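With chain A fixed as given, assemble chain B onto it according to the hints.
In order, the protein sequence lines correspond to chains A and B. Position one of the first sequence corresponds to residue 553 (my numbering), numbered consecutively onward. Position one of the second sequence corresponds to residue 553 (my numbering), numbered consecutively onward.
Hints in this document: simulated from the structure, not taken from any laboratory. Hints are supplied without guarantee of correctness; some may be wrong.
Remember, identical chains collapse to one label, so a pair may be satisfied in a single copy or spanning two.
[Stated by the list, open to error] Taking lysine-lysine and the BS3-like style, the derived pairs with C-alpha atoms no more than 27 Å apart in a straight line are:
| hint | residue 1 | residue 2 |
| --- | --- | --- |
| 1 | Lys788 | Lys589 |
| 2 | Lys589 | Lys704 |
| 3 | Lys704 | Lys858 |
| 4 | Lys704 | Lys788 |
| 5 | Lys788 | Lys556 |
Model, not experiment: these values are computed from the prediction.
Number of protein chains: 2
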Amino acid sequence: MTYKVPIDLGDRSYQIVIGSGILARAASYVALPSAAKALIVSNRTVAPCYGDSLRLALASRYSSIHEVLLPDGEQYKNWEHLQSIFDALLHNRCDRNTVLFALGGGVVGDMTGFAAASYMRGVPFVQVPTTLLSQVDSSVGGKTAINHPLGKNMIGAFYQPRLVVCDLSVLATLPPREFASGLAEVIKYGPIADPEFLRWLEDNMDRLIAQDPDALAHAVRRSCEIKAWVVGQDEKESGLRAILNFGHTFGHAIEAGMGYGVWLHGEGVGAGMVMAAELSHRLGLVDGAFVQRLRLLVERAGLPTKGPVLDSADNAGRYLELMRVDKKSEAGEIRFVVIDEPGRASVRPAPDDLVRDVIDACCA
Amino acid sequence: MTYKVPIDLGDRSYQIVIGSGILARAASYVALPSAAKALIVSNRTVAPCYGDSLRLALASRYSSIHEVLLPDGEQYKNWEHLQSIFDALLHNRCDRNTVLFALGGGVVGDMTGFAAASYMRGVPFVQVPTTLLSQVDSSVGGKTAINHPLGKNMIGAFYQPRLVVCDLSVLATLPPREFASGLAEVIKYGPIADPEFLRWLEDNMDRLIAQDPDALAHAVRRSCEIKAWVVGQDEKESGLRAILNFGHTFGHAIEAGMGYGVWLHGEGVGAGMVMAAELSHRLGLVDGAFVQRLRLLVERAGLPTKGPVLDSADNAGRYLELMRVDKKSEAGEIRFVVIDEPGRASVRPAPDDLVRDVIDACCA
Chain A
553 MTYKVPIDLG
563 DRSYQIVIGS
573 GILARAASYV
583 ALPSAAKALI
593 VSNRTVAPCY
603 GDSLRLALAS
613 RYSSIHEVLL
623 PDGEQYKNWE
633 HLQSIFDALL
643 HNRCDRNTVL
653 FALGGGVVGD
663 MTGFAAASYM
673 RGVPFVQVPT
683 TLLSQVDSSV
693 GGKTAINHPL
703 GKNMIGAFYQ
713 PRLVVCDLSV
723 LATLPPREFA
733 SGLAEVIKYG
743 PIADPEFLRW
753 LEDNMDRLIA
763 QDPDALAHAV
773 RRSCEIKAWV
783 VGQDEKESGL
793 RAILNFGHTF
803 GHAIEAGMGY
813 GVWLHGEGVG
823 AGMVMAAELS
833 HRLGLVDGAF
843 VQRLRLLVER
853 AGLPTKGPVL
863 DSADNAGRYL
873 ELMRVDKKSE
883 AGEIRFVVID
893 EPGRASVRPA
903 PDDLVRDVID
913 ACCA
Chain B
553 MTYKVPIDLG
563 DRSYQIVIGS
573 GILARAASYV
583 ALPSAAKALI
593 VSNRTVAPCY
603 GDSLRLALAS
613 RYSSIHEVLL
623 PDGEQYKNWE
633 HLQSIFDALL
643 HNRCDRNTVL
653 FALGGGVVGD
663 MTGFAAASYM
673 RGVPFVQVPT
683 TLLSQVDSSV
693 GGKTAINHPL
703 GKNMIGAFYQ
713 PRLVVCDLSV
723 LATLPPREFA
733 SGLAEVIKYG
743 PIADPEFLRW
753 LEDNMDRLIA
763 QDPDALAHAV
773 RRSCEIKAWV
783 VGQDEKESGL
793 RAILNFGHTF
803 GHAIEAGMGY
813 GVWLHGEGVG
823 AGMVMAAELS
833 HRLGLVDGAF
843 VQRLRLLVER
853 AGLPTKGPVL
863 DSADNAGRYL
873 ELMRVDKKSE
883 AGEIRFVVID
893 EPGRASVRPA
903 PDDLVRDVID
913 ACCA
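One chain only, chain A, in its complex shape:
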């Protein structure tokens, strides 16, 4: 069974195709614009598993298919490695029609997307996400970026892919910690947008953990649909789209504070969602039972429910400092995504004292 989720963004519209084994099928790519050359960007972990399959699926469409392999890890999501994509494009005399394929997780997708946005001021690209996290989050919505030593995703572009191919069968080879990290973004869509999906997750978390194909297909599809609905209304993140960052304000502080790569993105978001739910509770928006529901779901997904201590002298101060330089903050004011009721979120500032209490209560 193959699902198609349309992303409606005018002349930048595209489709997300979801199914098992579809990465290796030439039919998955027929809608792409014609070009002589393709460049597959992948990493040294993913390419040995799926590089040949993708190359074979594309062989009839492109007369030359080049490849760039990046090292595997968030710490390589920087200019130096982005440059290696530009080097490959120029050394192979790739023109403006060359199609870039991002075969890998969020790091590969973000870097390939930003390279595609910037090479000759824009060439087409395709996402072939191979992690659960990138299938349900980073491959949808057109955010591309690299990190700066002073902040994550600080340099990038809004740039839409021409196609996203989510092959569910590749998730079987994912390390359990990576898979759990992806579940954090799946869980997120319930509290912010869909109380029914939140209940479905509570009923089906064990099936998801076991990678039951039907459960997985539903979770990925519903996640993409919700993200597509949000992004379709607010492509450039001027308003509504910010709710997708539920758990991310605290989560980014955790990632940055621990040093990128120590906590996985989804692990930071897992603990961050519990903190954001606790903040919502202390703001009088949701009851304590909701916080407990979310904490349990995060725990069942195999994710941390408490944030790490980043500074034993002034832990809350360190979190606040890190959150203030986050690019969602405005004029130094931190914008928190809070849950107004299960299935509905909004963005607002919060008093420092209250945030400090939340951090003190939610870190260990």
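Relative to chain A, chain B alone:
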């Protein structure tokens, strides 16, 4: 007298304001969105002359105004120096509303524009071009970029400024070679779009060289209007906009072949326009008298009318090689802007043998 040229690009529309002494007037900037912080990006040649004036004009609008100075020259239009803009933005905790001001020529404008396009995936920016070249060309149309060791402007974005302030009085301090280089882009607009402007240039070249204020105002305004008309129809350079590259295919080869900075951009374009006119003639499109008219105009502007010899063994081969990696080429096929008749241009490939003859005839 202040002129306003509207650039109509839907929700990315903006105005070019043209006049004498307007850089230093607070009134020039009233239409900008409000923000707490501004960052002026300039270079070590321009900032000592106009940095304080701009800062004063902006003082009432922004509570903090930061500054980054780049070294002066095309060879610094690279990632390393782009990074210094990001460093300044992050060190000063600039948020998404921070307005960037590009105070300088094309290099400063291109780098500031690309930094603004990429910082947090896009912040507002204003062009305050201080060279004739940047006033009539690079500040209009939203092309931003940095160079790659293997090619000029290979990495960049289409990103529109919120405002362009063209102060004609700053041109008086421009070195004569820089001023002449700007005239190349002014001349360009005649052959590609406006035979009447071409005649006006032939009648008024001496006044322009003498920087007569009225002549200068007319030339800058008409250049911006023509560019605005072209860009308004084809923002992303899928078709018509390519005619703005008249003379640039040969010109870029000259710049790259000599090493960036040896020939000024407008010098390459000057010789390149004569070569492109000669090619148009040999393709049977225009008569020899037109080539002669253009050659004379380029010469009167103080620009070279012949290209340099890039390789004494196979000069034409070297030009062809350089032109094939230009980002306007498609699948290795070079796209030339040719003049169909004075005031009308189009883009097409040409036989290698014919191009070789043109290069042989036009280099010394």
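Against the structure, the hints:
| no. | hint | verdict |
| --- | --- | --- |
| 1 | Lys788 - Lys589 | between (30 Å within a copy, 21 Å between copies) |
| 2 | Lys589 - Lys704 | between (32 Å within a copy, 21 Å between copies) |
| 3 | Lys704 - Lys858 | within (21 Å within a copy, 49 Å between copies) |
| 4 | Lys704 - Lys788 | within (18 Å within a copy, 29 Å between copies) |
| 5 | Lys788 - Lys556 | within (23 Å within a copy, 29 Å between copies) |
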